[in-house]
Each structure stands twice: as structure tokens, then as C-alpha cells.
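Per this note's numbering, the sequence shown starts with residue 1, numbered consecutively.
Read the hints as simulated data drawn from the structure, not as lab findings. All C-beta atoms, glycine included, are put in the ideal place defined by N, C-alpha and C. Treat the hints with care, since some could be wrong.
To be verified - Cβ-Cβ distance ranges computed for the label pairs, FRET-style:
(1) Leu9 to Ala68: 14 to 22 Å
(2) Arg41 to Gly10: 16 to 24 Å
(3) Met20 to Leu72: 18 to 26 Å
(4) Gly18 to Glu67: 15 to 23 Å
(5) Gly44 to Leu9: 13 to 21 Å
(6) Arg62 to Gly18: 29 to 37 Å
(7) Glu70 to Glu14: 13 to 21 Å
(8) Pro63 to Met20: 28 to 36 Å
Claimed, not checked - Each computed DMTMM-like pair below joins lysine to aspartate or glutamate, with the alpha-carbon atoms no more than 25 Å apart:
(9) Lys54 to Glu33
(10) Lys71 to Asp21
(11) Lys54 to Asp21
(12) Lys71 to Asp31
(13) Lys71 to Glu50
(14) Lys54 to Glu64
(15) Lys71 to Glu14
(16) Lys71 to Glu33
(17) Lys71 to Asp46
(18) Lys54 to Glu37
(19) Lys54 to Asp31
(20) Lys71 to Glu37
(21) Lys54 to Glu14
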Amino acid sequence: MVAERAQRLGIQCEWVPGTMDRVWVHLPNHDLEVSLEQLQRVAGVDAVWELYLKGLVTLPSRPEFFEAFEKL
């Protein structure tokens, strides 16, 4: 059920409260805290820009994103 929901919604990323360089990445089975640089390496600069503008970015549920975040 959680994996199906993640497939529909994508991978959501949001700021860790009180920080300017740490990001929560919400994966289907758990959450990860990553640096802003790590997010940019995995998802690209456009994802970082959207995070700055909106405070939340939803990445597509692509296998390469899941694999890259799992390796961090």
C-alpha cells in the first residue's frame, strides 16, 4: 500500500526545519535526511530551485532515484 502510494505521488523532499542545507527525502519505506548537495547530485539543480521556491519538491517515482537515495 505504501509503495503504491509512493508510485502515485513520487518522492517528496522538504527542508529539515531550522536548516538551510538539510533535506528530508520521503521514500516509501522510510525517510532520509540528506544534504542539499546530495539532493542536487541525485535530482539535479531544477529540484533544488523548486525546493527553494516552494519548500517542497516531488520527484517522479523512477527507479534510478530510489537506487541513488538508497546508496546515500
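Each hint tested on the structure:
1. Under the hint 14 to 22 Å, the C-beta atoms of Leu9 and Ala68, about 18 Å apart, fit the expected range.
2. Distance hint for Arg41 and Gly10: a CB-CB separation of about 18 Å, consistent with the stated range 16 to 24 Å.
3. A hinted range of 18 to 26 Å holds for the C-beta pair Met20 and Leu72, which are about 19 Å apart.
4. At roughly 30 Å, the beta carbons of Gly18 and Glu67 sit outside the given window of 15 to 23 Å.
5. Under the hint 13 to 21 Å, the C-beta atoms of Gly44 and Leu9, about 19 Å apart, fit the expected range.
6. Take Arg62 and Gly18: their Cβ atoms lie about 30 Å apart, and the range 29 to 37 Å holds.
7. Taken as a hint, the range 13 to 21 Å holds for the pair Glu70 and Glu14, whose Cβ atoms sit roughly 19 Å apart.
8. Separation of Pro63 from Met20 is about 30 Å and conforms to the stated range, judged on CB atoms against 28 to 36 Å.
9. In summary, the hint linking Lys54 to Glu33 is supported, as the alpha carbons are separated by about 18 Å, within the 25 Å threshold.
10. A C-alpha spacing of about 19 Å is found between Lys71 and Asp21, which places the hinted pair at or below 25 Å, so the restraint holds.
11. A threshold of 25 Å between alpha carbons decides the hint, and for Lys54 with Asp21 the separation of about 15 Å falls inside it, so the pair holds.
12. For the hint pairing Lys71 with Asp31, the CA-to-CA distance comes to about 13 Å; that is within 25 Å, so the pair holds.
13. Taking the CA atoms of Lys71 and Glu50, the gap is near 23 Å; set against the 25 Å cutoff, the hint holds.
14. Distance hint between Lys54 and Glu64 is fulfilled; the C-alpha atoms sit about 24 Å from each other, no more than 25 Å.
15. The hinted pair formed by Lys71 and Glu14 meets the criterion: a straight-line CA distance of about 19 Å does not exceed 25 Å.
16. A C-alpha spacing of about 13 Å is found between Lys71 and Glu33, which places the hinted pair at or below 25 Å, so the restraint holds.
17. Between Lys71 and Asp46 the CA atoms are separated by roughly 21 Å; this keeps the pair inside 25 Å, and the hint holds.
18. A distance of roughly 18 Å separates the Cα atoms of Lys54 and Glu37; the hinted pair therefore holds under the 25 Å criterion.
19. Taking the CA atoms of Lys54 and Asp31, the gap is about 20 Å. The hint holds against a cut of 25 Å.
20. For the hint pairing Lys71 with Glu37, the CA-to-CA distance comes to about 15 Å; that is within 25 Å, so the pair holds.
21. In summary, the hint linking Lys54 to Glu14 is supported, as the alpha carbons are separated by about 9 Å, within the 25 Å threshold.
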